[in-house]
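S.K.: Using the working numbering, read the sequence shown as starting at 1 and increasing by one per residue.
Treat each hint with caution, since some may be false.
Label-pair distances were calculated between CB atoms; the ranges are [to be verified]: (1) T250 / Y146: 50 to 60 Å; (2) N308 / T81: 42 to 52 Å; (3) T82 / E444: 50 to 60 Å; (4) K197 / D300: 29 to 39 Å; (5) K290 / T250: 19 to 29 Å; (6) A303 / T405: 25 to 35 Å; (7) L547 / N308: 27 to 37 Å; (8) R72 / E444: 52 to 62 Å; (9) Q379 / F293: 38 to 48 Å; (10) R72 / I282: 36 to 46 Å; (11) S77 / T202: 31 to 41 Å; (12) F324 / S206: 25 to 35 Å; (13) I60 / T405: 32 to 42 Å.
Here are the computed lysine-lysine pairs in the DSS-like style, where the Cα-Cα straight-line distance is at most 25 Å [to be verified]: (14) K197 / K443; (15) K51 / K197; (16) K89 / K125; (17) K290 / K262; (18) K207 / K197; (19) K262 / K207; (20) K125 / K197; (21) K354 / K125; (22) K478 / K262; (23) K125 / K262; (24) K51 / K207; (25) K89 / K148; (26) K88 / K443; (27) K207 / K478.
Since the hints were made in silico from the structure, they are not lab data. Glycine residues also receive a C-beta, built at the ideal position from the N, C-alpha and C atoms.
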Amino acid sequence: MKNERGSALLTVLLMSVILLTLGLAIIAYSIGDAKMTTISQQDLSNIHEAKMAIEEATAIIQTEIVDEVGTRYYTPSEFETTVVGDFKKEYTFDEEGLEFSIDHFPTTRNFFIVDTTADSIDRMKDLSRRFDIIARGMDENGLYRYFKQTVYVSAIPSFLYFGVGSNETVTLNGSPFIQGDMYVGNELTMTATAEYKLATETGVISKTFNTNYPYFSNNDTLSNVYKQSSSTVIPEYVNVADGQPNLVLTYPRPFIDVDLRKTFVDKVNALIDTTIEPETDIPLVIQQLKMDFTVSEIQDASAMTNENQSYLFTSDGSGDQTFFIDQNVILGDDQWLIVDGNLFIYTYRDIEFKGNVLVTGDIYIVGARFEDELELHEQPSFFFDSTMIGLGKALILDAQINPSTESNTFIMMTEGEDTHFTRPENVETISSGIELARINEFKEDPLEINAFLYTSQDATLYGVGSNIKITGGIFSKKDLTINAVRGSVVDDATSVNGIRFSSPQETSVYPNESRFQVYHNREVLTLLQKQEGSYLGLPRTDRLTLLIDRLEVIR
């Protein structure tokens, strides 16, 4: 009995200890939870106070820098000395010989602005800037918490944000495959019927073929259609049909367009350190270039031997108004090739082209395959790290275009106007601002064009006989029309269509077998926004925009 009573007592004591321990734990947890809640609410208060300060600083940058540039034309040097210079005197940390730290925080306001623009940005040639806004909020103990918001004053043109787009009407006929966002300024039309041109003995005739609707891939991120205004017409089936974009959104910031003629003058001003007015006629601009001793005049690409030299081609009076390049070209970041005439780049082998180009006429990029007695040569590649700005039109003919490295890209922009220069022999007339012709014609695999293509005029593109894959984007300031079918296409003169298609298009052929594919290259935007590298070839924009990075806690 004694043993039983002892066991019962021990059990009671153990239970009491366990219950007491649990009680204390619950009390401690409750107190701790209350403290955590108090701290969390205080943090929110700090963040709110700091966010108010950051919003005030952001509004100041918007007014004093971004909006100011919209009031009149500033050269990059004027922008740095006048707009940014005056702003920094008032709002940024600039005490000589003293690096900024939160210990030097001003007593007159709850924020400070630090200019953290990358060294790779040439302030006298580029309008892009980066600022860190440092803000603080006081806690209940009178101690400050510090936060940082990075903002970018960006001169990046808006067309680079889209895989496909137009400031006017976008027409998608048939089955183009699009991975990335699309911008529609006015009206969007999508049909399941592709149009194409067929050459016959009596001339070129227009034909159609029933295929399927365009397909928007949602791999990794949503493919959005952005509209410029409420007047934009979006077909009802955009959000219903399989493979259509998931969202139809109003573009959240002003669309930053480009002016290629002003850009042409801008780049010349920066190159020879002069102040030619933006509206100056191009022939007068060329005359200014010819008088500058820092620019070397050439008649042949073989003379381009110094990467630290800019070059100018003008007609030699013999009637030849085209500059031909069939070799590697390497120019420094701040050097330019200026062609007063047409530019014709062609090759039977791989070539590298690194350097920015201004062209007063048309641009031709022509690749070729050929056979000899020993072997079949593969499709040659152009490896580009370049921005090309042309005042005429552009033709990419059976050419494979790759970036020279993963961090480089090719941006080609054309004004798309008819010029007075005689086109090269055996080259057909370019009918729209940019044309892609005979790209892997009647072949199973697409030929890759790694580029952002822009024209100020209408553009009509075909992925019917051609098989095209654009990694970058295609944009037209006016109307953009894309025609495409899926699967294999065979040249067949006996067919009523002139060519024979995979059939049926709707069920047996996958969307990513489209003969016109666009994959938006978002990585280029990241590099531009983070200012990793010099992008002096970017065009003159009609305004700036403010890009907001994420909020960080410093201390």
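S.K.: Now look at each hint and say whether the structure bears it out.
M.R.: Against the structure, the hints come out as follows:
no., hint, result
1, T250 / Y146: 50 to 60 Å, "violated (35 Å)"
2, N308 / T81: 42 to 52 Å, "violated (26 Å)"
3, T82 / E444: 50 to 60 Å, "holds (58 Å)"
4, K197 / D300: 29 to 39 Å, "holds (36 Å)"
5, K290 / T250: 19 to 29 Å, "violated (48 Å)"
6, A303 / T405: 25 to 35 Å, "holds (26 Å)"
7, L547 / N308: 27 to 37 Å, "holds (33 Å)"
8, R72 / E444: 52 to 62 Å, "holds (54 Å)"
9, Q379 / F293: 38 to 48 Å, "holds (42 Å)"
10, R72 / I282: 36 to 46 Å, "violated (22 Å)"
11, S77 / T202: 31 to 41 Å, "violated (59 Å)"
12, F324 / S206: 25 to 35 Å, "holds (34 Å)"
13, I60 / T405: 32 to 42 Å, "holds (38 Å)"
14, K197 / K443, "holds (17 Å)"
15, K51 / K197, "violated (58 Å)"
16, K89 / K125, "holds (21 Å)"
17, K290 / K262, "holds (19 Å)"
18, K207 / K197, "holds (6 Å)"
19, K262 / K207, "violated (40 Å)"
20, K125 / K197, "violated (44 Å)"
21, K354 / K125, "holds (19 Å)"
22, K478 / K262, "holds (18 Å)"
23, K125 / K262, "holds (14 Å)"
24, K51 / K207, "violated (59 Å)"
25, K89 / K148, "holds (20 Å)"
26, K88 / K443, "violated (58 Å)"
27, K207 / K478, "holds (24 Å)"
In the structure shown, a violation is registered for the earlier hints numbered 1, 2, 5, 10, 11, 15, 19, 20, 24 and 26, in ascending order.
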